[in-house]
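S.K.: Protein chains in written order, with this note's numbering: chain A, 4 to 186; chain B, 383 to 952.
Any given hint might turn out to be false.
What the hints assert, rightly or not - Quick list of in silico lysine-lysine cross-link-like pairs, BS3-like style, CA-CA up to 30 Å: (1) B:642 to A:17; (2) B:882 to A:50; (3) B:719 to B:802; (4) A:178 to B:943; (5) B:719 to B:642; (6) A:68 to A:178; (7) B:943 to B:882; (8) A:68 to A:50; (9) B:882 to B:802; (10) A:17 to B:943; (11) B:553 to B:483; (12) B:707 to B:553; (13) A:17 to B:915; (14) A:17 to B:553.
No wet-lab data here; the hints were simulated from the structure.
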Amino acid sequence: MSAIQPPAETVWWKQPLDRVEGAWISIALLWSLIMFIMMPLWHVYGKQNLSNEAYRTTPQAFLAKTQAMVDAYTVRTETETRLPVVHPPPGSDVYLLGRLWQWWPLLELERGQTYRLHISSMDWQHGFSLQPVNINTQILPGYEMVLTITPDTGDEQTVICNEYCGLGHHNMTGKIYITEGAP
Amino acid sequence: MSNELFRTCPESGLQFHKPAEQLMRINAVLAVVILLVGGVTALLVTLTRWPAVHLLPADRFYQMLTLHGVNMLIFWMITFEMAVLYFCSSTLLRCRLATPKIAWLGFLLMLAGIIINNMAVLNGDASVMMTSYVPMPANPNFYLGLILFAVGALLGCFVFLGTLVIAREEKTYEGSIPLVTFGALTACIIAVFTIASGAIILIPTYLWSLGYINNIDAAMYRLVWWALGHSSQQINVAAHVSVWYAIAAIVFGARPLSEKVSRTAFFLYIAFLQLASAHHLLVDPGLSSEWKIFNTSYAMYLAVLASMIHGLTVPGSIEVAQRAKGFTNGLFQWLRKAPWGNPVFSGMFISLIGFGFIGGISGVVMGTEQINIIIHNTIYVPGHFHATVVIGSTLAFMSLTYFLIPVLFRRQVMLPWLAKWQPYLFGLGMMVFTLALMGAGTLGVARRHWDMVFTDAVIGFEYPASAYTFMGIAGIAGVAAILGGAIYILVTVLSVFFGKPVGSESTYGFTTSTLTKAEPVVVPEGGHAAVGKCGFAAPGTFLLAIFFLVVFVLYYAVNWKYLASVWPMS
């Protein structure tokens with residue numbers, strides 16, 4: 004009987020497997036398990052893993068922490084709107100906030116140094132997308148995500164927003180400069 | 383039940399219950415109308431993201447993209463699936479449809495929901511994308527429309543389940559339900575889960591938009607919403623795999639290689655597909671890696687295994703049927719001699735190849751916990767799901783339509799020469815489109831983004847030139863595919879409303895083969911293996927499957943390599 008008719012043999016579950024099916028199921032199952040193992044393995048041996056460190060926060064609290072960092076470590080301003088460029092000490096906690104429609108402030112990090120980058124949203128959901136290195140995460144209001152990053156390539160990375168956040172979404176950008184650091 | 387309410391299609395031998403037939407027709411017609419709205423918006427969106435054209439202003443673009451998303455991913459699919467559910471229960475089981483009045487109520491609720499939702503978006507204050515992520519607010523009617531539609535679809539699911547119960551009670555079939563009905567049952571069970579998840583998140587969100595609830599947590603919204611958003615696409619998978627089996631049976635008289643394997647594979651969908659919510663949360667704050675790994679792998683990729691099984695057994699059953707008919711030369715004569723001029727078959731086969739090679743592989747790769755870091759929310763993601771939902775589901779449903787026009791609507795297919803080319807234009811156009819989007823996404827191009835040039839941004843950014851090339855190719859191929867979609871709508875509407883009635887004596891052009899009642903293939907003594915080579919019943923299909931695996935492994939490895947080149951993170 005064909006697939007649009009009831010099975011000819013009422014006890015169809017006792018039909019033996021065809022060799023072609025048995026062979027393929029074994030191969031496909033093996034591949035599935037390999038793919039499954041790859042993820043924990045990369046946590047052990049790979050270098051690109053999210054820490055999944057996150058905290059509940061509020062826009063006010065996160066803005067206050069970001070403002071404190073900006074006040075302490077701003078080295079210059081850029082563009083007509085005088086956006087601060089912040090050069091925090093290597094190894095420190097760095098704050099970046101997303102809001103309609105900018106990533107604030109601009110950051111200057113030293114190559115090869117490790118930073119704890121805290122990111123949160125002041126309003127709606129945003130997508131932290133660092134280009135061209137191509138690192139993408141989801142940023143939610145009320146949640147503070149911590150990425151421990153070690154910038155090692157590029158001189159200048161642009162943060163764009165890749166989660167739709169209203170009419171100015173495509174103008175929402177920011178910057179992370181990579182410098183050679185103190186000699 | 384009076385026999386007057388039943389008619390038997392003289393060509394296909396299928397038996398239709400009049401109330402069920404009317405419901406199938408009205409749902410299919412509504413689905414095609416929605417597809418038209420989705421198609422017009424598709425054209426506008428494609429022409430805007432094609433950098434050389436950049437048609438719409440920003441606000442219109444986001445509005446049209448929202449309209450395109452909800453109409454295609456939710457309304458078109460589920461409305462057509464209602465027709466499929468009624469076909470797989472009432473028609474395939476030769477049974478009266480349970481409670482046709484409730485099915486009509488469901489249909490009216492769905493229609494009302496679609497209109498209310500679409501009006502809200504057209505009104506201009508609900509351009510929030512299909513996902514409507516909180517706390518970005520939309521006009522309350524946006525959520526209300528979705529809720530009404532979901533309630534209507536849920537009624538349709540219950541009518542389907544009720545019909546299965548009646549068929550069993552009234553003994554309209556012997557033994558077990560057909561495999562295709564089993565697949566539809568899988569789709570129905572996933573649909574009930576999906577709709578329940580939608581209710582759990584959309585009802586509070588509706589109340590929030592009206593001011594009765596203060597706050598909806600953004601992370602919770604995403605977790606529960608995606609149990610609607612992703613699982614609703616799993617309804618499509620279960621439904622289009624059922625359609626593949628049905629078309630193999632209709633065109634070739636193919637019988638499943640083994641009922642046990644195919645049914646177990648469907649069961650794996652029920653058991654694991656709903657974990658897919660995790661695919662959208664892999665780079666979200668607040669979830670552990672253990673949770674992400676278990677869920678994104680659908681519990682060790684058992685649901686992926688299920689799709690890989692169907693990917694073998696559907697063409698495998700066709701190969702066995704063809705070999706039994708005498709196409710036994712070499713490994714691929716069965717495939718070469720397949721009816722490539724019949725859109726019922728060609729559409730189904732392109733759907734299978736596109737879904738597996740492009741949609742399936744890209745989905746597993748980007749759904750890997752760490753690899754998602756280089757893909758999340760880039761235009762790679764629409765590249766992936768246009769391969770699964772458009773090439774996979776939509777093209778499968780289009781193929782089925784060419785069978786339903788004569789059988790269900792009793793009309794001859796008009797413009798058959800155009801219909802013959804339609805799956806190729808649509809399917810191949812979509813393949814190029816999806817691959818180009820995936821190329822652009824690999825270069826970091828954002829999805830849901832009006833301006834890849836960043837003209838008005840305070841801080842500018844320039845993508846590499848190749849990203850523009852990919853988006854240009856996507857524009858051209860996208861327009862070609864939309865033309866293919868337009869042909870489908872043209873042929874369907876002309877045939878249904880102006881086509882010549884099908885009479886027993888008519889000649890049908892290419893549709894003859896689809897209408898001929900394909901007799902189930904008789905398996906020779908000694909089982910399937912007697913028709914194949916080296917003890918393999920379907921050696922050609924097996925070789926294709928191995929080729930698929932090689933592509934899969936290579937592409938998977940390349941993406942790990944790419945990931946290793948980005949900044950170290952922990």
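S.K.: Does each hint hold? Answer for all of them.
M.R.: Do the hints match the structure? See the list:
| no. | hint | in the structure |
| --- | --- | --- |
| 1 | B:642 to A:17 | 8 Å, holds |
| 2 | B:882 to A:50 | 66 Å, violated |
| 3 | B:719 to B:802 | 16 Å, holds |
| 4 | A:178 to B:943 | 26 Å, holds |
| 5 | B:719 to B:642 | 29 Å, holds |
| 6 | A:68 to A:178 | 19 Å, holds |
| 7 | B:943 to B:882 | 58 Å, violated |
| 8 | A:68 to A:50 | 28 Å, holds |
| 9 | B:882 to B:802 | 18 Å, holds |
| 10 | A:17 to B:943 | 45 Å, violated |
| 11 | B:553 to B:483 | 23 Å, holds |
| 12 | B:707 to B:553 | 33 Å, violated |
| 13 | A:17 to B:915 | 24 Å, holds |
| 14 | A:17 to B:553 | 23 Å, holds |
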